[in-house]
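One line per chain: the protein sequences are L and Y, in this order.
Under numbering that gives the first Met the number 0, residues 0 to 395 are what the first sequence spells out, in order.
Under numbering that gives the first Met the number 0, residues 0 to 390 are what the second sequence spells out, in order.
Since the hints were made in silico from the structure, they are not lab data.
All of these numbers come straight from a predicted model, not from anything done at the bench.
No residue lacks a Cβ here, since even glycine has one placed at the ideal position from N, Cα and C.
Don't take each hint at face value.
The calculated DSS-like cross-link candidates involving lysine-lysine, where the alpha carbons are at most 25 Å apart (straight line), are [stated by the list, open to error]:
#1 Y:K337 with Y:K53
#2 Y:K173 with L:K178
#3 Y:K99 with L:K178
#4 L:K289 with L:K270
#5 Y:K351 with L:K178
#6 Y:K99 with L:K115
#7 Y:K177 with L:K178
Counterexamples of contact, computed for chain L against chain Y with all Cβ distances above 12 Å [as the list claims (entries may be wrong)]:
#8 D98
#9 G103
#10 S105
#11 D118
#12 L193
#13 L243
#14 D271
#15 G295
#16 K307
#17 W349
#18 L352
#19 P365
#20 P380
Derived, one-sided and incomplete: chain Y residues facing chain L with beta-carbon distance under 10 Å [what the hints assert, rightly or not]:
#21 M14
#22 F104
#23 Q139
#24 E147
#25 T153
#26 A168
#27 S191
#28 E338
#29 I340
#30 V361
#31 T364
Listed below are the residues making up each chain.
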Amino acid sequence: MAAAAMAQKVLVPCSSSSSCGKVQFSPSRVHTQAIAFGGELSQSSSRKNKSLALKAVAGETSAPVTAKSGHEILLFDALREGLEEEMARDPTVCVMGEDVGHYGGSYKVTKGLAEKFGDLRVLDTPICENSFTGMGIGAAMTGLRTVVEGMNMGFLLLAYNQISNNAGMLHYTSGGQFKIPVVIRGPGGVGKQLGAEHSQRLESYFQSVPGLQMVACSTPYNAKGLMKAAIRSDNPVILYEHVLLYNLKERIPDEEYVLCLEEAELVRPGKDITILTYSRMRHFVLQAAKTLVERGYDPEIIDIRSLKPFDLFTIGNSIKKTHKVLIVEECMRTGGIGASLRAAIVDNFWDFLDGRPECLSSQDVPTPYAATLEDATVVQPAQIIVKVEQMLQGLI
Amino acid sequence: MLDFPGAKAAFTSRMEFISPNAAEAVPCFRILDDLGRALDGSDIPEVDSSLAVKMYHTMVRLQTFDSIFYEAQRQGRISFYLTNIGEEALNVASAAALTKDDVVFPQYREHGVLMWRGFTLDEFANQCFSNEAGHGKGRQMPIHYGSEKLNYFTISSPIATQLPHAVGAAYGLKMDRKNACAVTYFGDGGSSEGDFHAACNFAAVLEAPVLFVCRNNGYAISTPACEQYKGDGIVVRGRGYGMTSIRVDGNDALAVFKAVSAARKLAVEQSKPVLIEAMTYRVGHHSTSDDSTKYRSGEEIAHWRSVRDPVLRFRRWLESNAWWSVEDEKELRGAARKEVISAMNQAEKKNKPPLSELFTDVYDTLPRNLLEQEATLRDTVSKNPPSLAPH
Numbered sequence: 000m001a002a003a004a005m006a007q008k009v010l011v012p013c014s015s016s017s018s019c020g021k022v023q024f025s026p027s028r029v030h031t032q033a034i035a036f037g038g039e040l041s042q043s044s045s046r047k048n049k050s051l052a053l054k055a056v057a058g059e060t061s062a063p064v065t066a067k068s069g070h071e072i073l074l075f076d077a078l079r080e081g082l083e084e085e086m087a088r089d090p091t092v093c094v095m096g097e098d099v100g101h102y103g104g105s106y107k108v109t110k111g112l113a114e115k116f117g118d119l120r121v122l123d124t125p126i127c128e129n130s131f132t133g134m135g136i137g138a139a140m141t142g143l144r145t146v147v148e149g150m151n152m153g154f155l156l157l158a159y160n161q162i163s164n165n166a167g168m169l170h171y172t173s174g175g176q177f178k179i180p181v182v183i184r185g186p187g188g189v190g191k192q193l194g195a196e197h198s199q200r201l202e203s204y205f206q207s208v209p210g211l212q213m214v215a216c217s218t219p220y221n222a223k224g225l226m227k228a229a230i231r232s233d234n235p236v237i238l239y240e241h242v243l244l245y246n247l248k249e250r251i252p253d254e255e256y257v258l259c260l261e262e263a264e265l266v267r268p269g270k271d272i273t274i275l276t277y278s279r280m281r282h283f284v285l286q287a288a289k290t291l292v293e294r295g296y297d298p299e300i301i302d303i304r305s306l307k308p309f310d311l312f313t314i315g316n317s318i319k320k321t322h323k324v325l326i327v328e329e330c331m332r333t334g335g336i337g338a339s340l341r342a343a344i345v346d347n348f349w350d351f352l353d354g355r356p357e358c359l360s361s362q363d364v365p366t367p368y369a370a371t372l373e374d375a376t377v378v379q380p381a382q383i384i385v386k387v388e389q390m391l392q393g394l395i
Numbered sequence: 000m001l002d003f004p005g006a007k008a009a010f011t012s013r014m015e016f017i018s019p020n021a022a023e024a025v026p027c028f029r030i031l032d033d034l035g036r037a038l039d040g041s042d043i044p045e046v047d048s049s050l051a052v053k054m055y056h057t058m059v060r061l062q063t064f065d066s067i068f069y070e071a072q073r074q075g076r077i078s079f080y081l082t083n084i085g086e087e088a089l090n091v092a093s094a095a096a097l098t099k100d101d102v103v104f105p106q107y108r109e110h111g112v113l114m115w116r117g118f119t120l121d122e123f124a125n126q127c128f129s130n131e132a133g134h135g136k137g138r139q140m141p142i143h144y145g146s147e148k149l150n151y152f153t154i155s156s157p158i159a160t161q162l163p164h165a166v167g168a169a170y171g172l173k174m175d176r177k178n179a180c181a182v183t184y185f186g187d188g189g190s191s192e193g194d195f196h197a198a199c200n201f202a203a204v205l206e207a208p209v210l211f212v213c214r215n216n217g218y219a220i221s222t223p224a225c226e227q228y229k230g231d232g233i234v235v236r237g238r239g240y241g242m243t244s245i246r247v248d249g250n251d252a253l254a255v256f257k258a259v260s261a262a263r264k265l266a267v268e269q270s271k272p273v274l275i276e277a278m279t280y281r282v283g284h285h286s287t288s289d290d291s292t293k294y295r296s297g298e299e300i301a302h303w304r305s306v307r308d309p310v311l312r313f314r315r316w317l318e319s320n321a322w323w324s325v326e327d328e329k330e331l332r333g334a335a336r337k338e339v340i341s342a343m344n345q346a347e348k349k350n351k352p353p354l355s356e357l358f359t360d361v362y363d364t365l366p367r368n369l370l371e372q373e374a375t376l377r378d379t380v381s382k383n384p385p386s387l388a389p390h
């Protein structure tokens, strides 16, 4: 069965993950459990039998709530809300990191939690990333669900040994005896003149480690949903937040919801080109899309969200329709998410492509401090517009 | 008193540097002399004949397993092995002082702790032969044992990474108010790793019930202890972290038993960490990949193997209590050898794990990319001669 499935390149939707199947509310995607290879394909309900959207920005049509219900929230607070709900629901969930307790966290993601749950469950640690990550792993192996906060994802390079050799591997090397339900999270990406060491894209470095899952949030809605899903997962999950997105505001549901870790988010349906992006670049893409739409183009925008593994089901369905792919990322050209995604697209959807999958990335340089230089290393909306037009006019 | 946030200290007008080492090294606690006789004024811990004999049995079984499996590697039957020779008393006596609820985070030279807890010779052998019956499903090198049932966490090769894990586990035990502690082992070399510092500091600050047991066996592969640190060993660092510590003769089973029992009590009752530096000697090579005669003399090794053998020393104490005899020894050595060889032969005959186990347990369930990769691999194998993996 597996061999036959491979020959037909049958795609199956998001599989597994213990977070799925529980309370959820994500009407823009039909959610399914693991289906055997060769099983039925499932379509997104919001796109079936609907005319294409004319708006560049994800408006009320794809928003999960009407204007009157739900509550407005900033992204950091949505993360906090998700974390708080999970801590209230499950007494084994605890947080550790620098300044997460009484200080409430450097980005306020843990604000108020130490007061509510006590300082054993919201633990301030001395400065040693390798140690508290290792500690989080040890606690996770012995029955707790730990959330480890890196004050900046870049600092987690100090914990690389624990993350790869232990979090990633111990479930496997122990023969499945010990599981590591740890969530490692924190802000990363290029900020506003934070300097090279504080502007890193760790998803690039960790994506190769077997045993890890990686997701990136980009809106308050998906931030909360992914935080909850990551905590409920029995696998070690790295949740990438972006340092410049914490104050993004959105209206999210009052009801409880959990998103699927392995799912991509269709932000704007279209037919001309598939644009794959994640984190802060999603917003740059949407900004560029406004101009593109005015000029008569119809881009399909997908926030891939799941960086490891890729949601090739959603991505593939899109490519089969548009036959053109542009990846917009913040990673560097070499060895980033874009590099891996291009390889996966070529491997799986070669027959559906009209041209090579394109990628806009940062250059292979440490992020400089001077504002003009820094802006030049991050992909800007203007570049996205130019690239899309070139691709749709057959110039490349 | 000066009241800086960093320290509450009296002031002094005399500028006086603290010397790098105290006038005398921290004394080493022992109960038995080198010939297994109780020293004057010693306070023998409560070890009755059945406990003592059980400890001795385990030490002998460990020694026998080590020598036979070391030879098996030399004969090419397994790819790698490392022994506990010289540290049998430390392994077994420390394990005997713990309860089965205490969680153990080993480095890799603590097979005796696992043996004490009930891991069978078959289970040891299966892991070394990486066959389908092993708990690790053939994924780790020999001697990288792990048993969830016995609260012995799967060994991971990188040095000292288990130390922060132990602190994390201890923190969990504290939260649950369990009558148990975490115990972690490491060597003199491991104490140089950053994780040692981090774990000690964290354990002390967070008041985690964890025992840090340093097997100071004098060598880290070829690096002698005098090139590993310049201070008075590892015990003195305890004070640096605000942690209770003790130095003990690791080759004296009774002293180890007593010290670990007391440390455990302190850790569990007061929820505090304790550092135990057990002085011992690594009689064997670092592993089958090492030939230690390159960096130490044959005479030195022979001396510690014979005159300073901790198993013989304990046996002498047993004999002095009339709990052990020459006949018992002959019988035990013979039986142990037979059992080990039998376990080895059984394990060698078993199949290696099936191909499906290459892909399971990377995650809780198989993701799409691994299903694809497995399909590709099976396809490759089916098209090629059977010299590739069995099924």
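Each hint tested on the structure:
no.: 1; hint: Y:K337 with Y:K53; result: holds (18 Å)
no.: 2; hint: Y:K173 with L:K178; result: holds (20 Å)
no.: 3; hint: Y:K99 with L:K178; result: holds (20 Å)
no.: 4; hint: L:K289 with L:K270; result: holds (15 Å)
no.: 5; hint: Y:K351 with L:K178; result: holds (23 Å)
no.: 6; hint: Y:K99 with L:K115; result: violated (34 Å)
no.: 7; hint: Y:K177 with L:K178; result: holds (21 Å)
no.: 8; hint: D98; result: holds (14 Å)
no.: 9; hint: G103; result: holds (19 Å)
no.: 10; hint: S105; result: holds (20 Å)
no.: 11; hint: D118; result: violated (10 Å)
no.: 12; hint: L193; result: holds (25 Å)
no.: 13; hint: L243; result: holds (31 Å)
no.: 14; hint: D271; result: holds (28 Å)
no.: 15; hint: G295; result: holds (36 Å)
no.: 16; hint: K307; result: violated (9 Å)
no.: 17; hint: W349; result: holds (15 Å)
no.: 18; hint: L352; result: holds (19 Å)
no.: 19; hint: P365; result: holds (24 Å)
no.: 20; hint: P380; result: holds (32 Å)
no.: 21; hint: M14; result: violated (30 Å)
no.: 22; hint: F104; result: holds (7 Å)
no.: 23; hint: Q139; result: holds (5 Å)
no.: 24; hint: E147; result: holds (4 Å)
no.: 25; hint: T153; result: holds (4 Å)
no.: 26; hint: A168; result: holds (4 Å)
no.: 27; hint: S191; result: violated (14 Å)
no.: 28; hint: E338; result: violated (24 Å)
no.: 29; hint: I340; result: violated (25 Å)
no.: 30; hint: V361; result: holds (5 Å)
no.: 31; hint: T364; result: holds (4 Å)
The structure is inconsistent with the numbered hints 6, 11, 16, 21, 27, 28 and 29, although it conforms to all the rest.
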